[in-house]
Every structure is written in C-alpha cells, then in structure tokens.
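K.L.:
So the chains spell out like this:
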Amino acid sequence: MKNELRRYRDEEGLSQADLAAAVNVSRQTINAIERDRYDPSIELAFKLARHFDCRIEDLFAPELDDAEPN
Amino acid sequence: MAEEVTNSDWLTRRRRYRRLAFGVLIAGALGFVLADMIGYPVVGVGIYWLGFIGFFAVRRWAPIQLSDERDCALERQASYDTVRLAAVGLVVLAPTAATLDEVGYYEVSPAVEGAIWSGVALFVVFASSYLVRRYRL
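Same order as they appear, the protein sequences are chains A and W. With this note's numbering applied, the first sequence closes on residue 66, and no number is skipped along the way. With this note's numbering applied, the second sequence closes on residue 556, and no number is skipped along the way.
With the rest of the complex left out, here is chain W:
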C-alpha cells in the first residue's frame, strides 16, 4: 500500500527542497569566492555556474512545487519595481550626465557611461519582450 503523504510531510519536503536549491546556489557563490582567493579564478567561475545550474535543476526536477503563485506574484512586482527605478534613473540621470559632460561641468566616467548603456540595454530587452508578448510574435 502506498504511504499516505500527510500535509506536514508535504510542507517538510517543500522546505527541504527549497533549502537544497538555495544551498546549492550559495555554495556556488562561496566556492567562487574561495577559489578566487586561493588563486583558481577559472575554477571559481565553474563552481559559480554549477551552483546556478544546480539551483535551477532542483527547482525544475524537484517532485514538489517549490514556488507558489504568491511567490511568482512577488517576483513580478519586484521586477516591475526594479524596472521603474531603472527608468527613473535613466530618464533623469542619463541626460543630466550627458549634458553636464557636454558643457564641461562634469566628465562622465567610463563606469557611469557603462551604467547608462546597461540601462539602455535593459530597456531594449524590456521593449522587445513586451512587443513579442503583445503581438504574440
């Protein structure tokens, strides 16, 4: 006879697989730092990637759902907040920095310029994703 999975078993298993997924991720990050510290940066990058692969593998193949609809809704809202903040930064800061650089009051550093172009790239991705989903391309 199949063993009946109680509600507490289900919650325990869910907690266990979530800890496994995030544990693998954190181990990968720590492995990257440690490997870099002892002089093996390439190995560290490999460990880092393995951590991410392991994280997604656990989430994909766990026999139990690890994220529910509220988790997904929270992720969507956090992504939305991030994009809005990036939009404010890009709209306000980017032309300001460019103008100040143009008139000679401020020299845009490579780091700032890189951040601005990263923001532009982010919105190119956002717009592309939006258009694909809107028009079902």
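Chain A on its own, in the form it takes in the complex:
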C-alpha cells in the first residue's frame, strides 16, 4: 500500500523514532511502513491519521485489485 507517511513526517520535522513513540510502535515499524514493506492495521492507520490531523485516505492509498471475485 502506497503511503505519504514520510512526507507528513518530514513536514512536521519528526524523526521516525519520534513518530513511533507518539503512536506506540517501534521505529522499525514506521520505517517498514514508509518503505512499503508493511501495511499497518486499521487501528494504527487511524492513530497515524489522528496524529497528523488528516484523513486516512490522505496518508494511505490502497492498491485495490479490480479483478472480479470467483
């Protein structure tokens, strides 16, 4: 899932560690999210959106599959 987390974090001048502590996860988790290696849970996504005072859709853009279900 593509995300704008790094951009929002840079705009606030936060380090990965600062953001991690703010939302109660490890720095490695924030790093993994920013590198598109880990998709956060809904709960964490809401926490991040609340922290940056924005919508979840502003932070995360799911790559939805358009294929029809079987």
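Be aware that a few hints might be false.
[Said to hold, decoys possible] Computed list of lysine to any residue pairs in SDA-like fashion (alpha-carbon distance at most 20 Å, straight line):
{"no.": "1", "chain 1": "A", "residue 1": "K(-2)", "chain 2": "W", "residue 2": "L430"}
{"no.": "2", "chain 1": "A", "residue 1": "K43", "chain 2": "W", "residue 2": "E488"}
{"no.": "3", "chain 1": "A", "residue 1": "K43", "chain 2": "A", "residue 2": "N20"}
{"no.": "4", "chain 1": "A", "residue 1": "K43", "chain 2": "W", "residue 2": "R553"}
{"no.": "5", "chain 1": "A", "residue 1": "K43", "chain 2": "W", "residue 2": "R478"}
{"no.": "6", "chain 1": "A", "residue 1": "K43", "chain 2": "A", "residue 2": "D14"}
{"no.": "7", "chain 1": "A", "residue 1": "K(-2)", "chain 2": "A", "residue 2": "I38"}
{"no.": "8", "chain 1": "A", "residue 1": "K43", "chain 2": "W", "residue 2": "C491"}
{"no.": "9", "chain 1": "A", "residue 1": "K43", "chain 2": "A", "residue 2": "F56"}
{"no.": "10", "chain 1": "A", "residue 1": "K43", "chain 2": "W", "residue 2": "D490"}
{"no.": "11", "chain 1": "A", "residue 1": "K43", "chain 2": "W", "residue 2": "L430"}
{"no.": "12", "chain 1": "A", "residue 1": "K43", "chain 2": "A", "residue 2": "N(-1)"}
{"no.": "13", "chain 1": "A", "residue 1": "K43", "chain 2": "W", "residue 2": "A513"}
{"no.": "14", "chain 1": "A", "residue 1": "K(-2)", "chain 2": "A", "residue 2": "I52"}
{"no.": "15", "chain 1": "A", "residue 1": "K43", "chain 2": "W", "residue 2": "A492"}
{"no.": "16", "chain 1": "A", "residue 1": "K(-2)", "chain 2": "A", "residue 2": "R31"}
{"no.": "17", "chain 1": "A", "residue 1": "K43", "chain 2": "W", "residue 2": "A505"}
Derived from the structure by calculation, the hints contain no laboratory data.
On the provided structure of chain A, position chain W as indicated by the hints.
P.N.:
Just chain W now, kept in the frame of chain A:
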C-alpha cells in the same frame, strides 16, 4: 508535577525491558548448560524454566508494550512458514520413508519415526486450533 515522559524516554524504556526479557531467557538457557556441565542437571532444568517464566513475566507485567503489531505479524508469518515447511516434510518424506521401509529398501530409525509422529502431532494441534477458532467452540 508528574514528570513528562519524552519520546526518547519511551524508546529507551522499551529497549531496556526488551533486553531484560531476553537477558533473563538467555541466562536461563546458559544456566541450564552450566548446571548440566557441573553435574546438576535437575537444577539446570529449574534454572531453564525460571528463565522462561521470567521472560514471560517481564513481557506480561512490563509497564510498557514490548511488542508492536509488526512484531506480532512477523511472528505469525514465521509460524505460517514453519507449518508450511513441516507440511511439505510430512507429506513428502513420511509416506516415502514408510514405503521404503515396507519394501525393505530403508529401515526407518527411531529418530526418524519420532520426527514423523511429532509432525503428525503438530498438525493435530494445528487442526484443533483452527477448528476451535473457526467454529468458536
């Protein structure tokens, strides 16, 4: 006035409790080896168990969350990979060993037989857990 916990304090404390938890675990394992080497194997087993109890106690009662959702996700994926590998081993190797033993080309050793039955037991546990969770028994 309550002291404000900064973000770096939170990370430092998290790191400290994680090191404590794994340190207790490793100490238990080392204690087991050392006690066994000096001729106190029963004491060694007790130290080993204390190490595990201490590990889980630190994780349970630490005033700070030591594992986050990504840690849990990694553990789940590692467990899934382990079960898949065990499944391949059981499906491919177990009947092969049994058949070769039956036709006389290979004699299944007690160790191999034990490993096969351990794999069967693992999947009995897996299936039970799956059914309990699926049907909310």
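K.L.:
Work down the list of hints and note, for each, if the structure agrees.
P.N.:
So, going through the hints one by one against the coordinates:
Only pairs whose Cα atoms come within 20 Å are accepted, and A:K(-2) paired with W:L430 is rejected, the gap being roughly 27 Å. For the hint linking A:K43 to W:E488, the alpha-carbon distance of about 13 Å falls within 20 Å, and the restraint holds. Only pairs whose Cα atoms come within 20 Å are accepted, and A:K43 paired with A:N20 is accepted, the gap being roughly 9 Å. At roughly 30 Å between alpha-carbon atoms, A:K43 and W:R553 are farther apart than 20 Å, so this suggested pair is violated.
As the CA atoms of A:K43 and W:R478 are separated by approximately 23 Å, the hinted pair breaks the 20 Å bound. The straight-line distance between the Cα atoms of A:K43 and A:D14 is roughly 14 Å, inside the 20 Å bound, and the hint therefore holds. Our distance criterion of 20 Å between C-alpha atoms is met by A:K(-2) and A:I38, whose separation comes to about 15 Å. At roughly 18 Å between alpha-carbon atoms, A:K43 and W:C491 fall within 20 Å of each other, so this suggested pair holds.
Between A:K43 and A:F56, the direct Cα distance comes to roughly 13 Å. Compliance with the 20 Å bound is thereby established for this hinted pair. A distance of roughly 18 Å separates the Cα atoms of A:K43 and W:D490; the hinted pair therefore holds under the 20 Å criterion. For the hint pairing A:K43 with W:L430, the CA-to-CA distance comes to about 18 Å; that is within 20 Å, so the pair holds. A distance of roughly 14 Å separates the Cα atoms of A:K43 and A:N(-1); the hinted pair therefore holds under the 20 Å criterion.
At most 20 Å may separate the alpha-carbon atoms for a hinted pair to count; A:K43 and W:A513 exceed this at roughly 48 Å. Only pairs whose Cα atoms come within 20 Å are accepted, and A:K(-2) paired with A:I52 is accepted, the gap being roughly 12 Å. A distance of roughly 18 Å separates the Cα atoms of A:K43 and W:A492; the hinted pair therefore holds under the 20 Å criterion. For a cut-off of 20 Å, the pair hint linking A:K(-2) to A:R31 stands: about 9 Å separates their Cα positions.
Among the hinted pairs, A:K43 with W:A505 is inconsistent with the structure: their alpha-carbon atoms are about 38 Å apart, more than 20 Å.
Checked against the numbered hints above, the structure violates hints 1, 4, 5, 13, 17; every other hint is satisfied.
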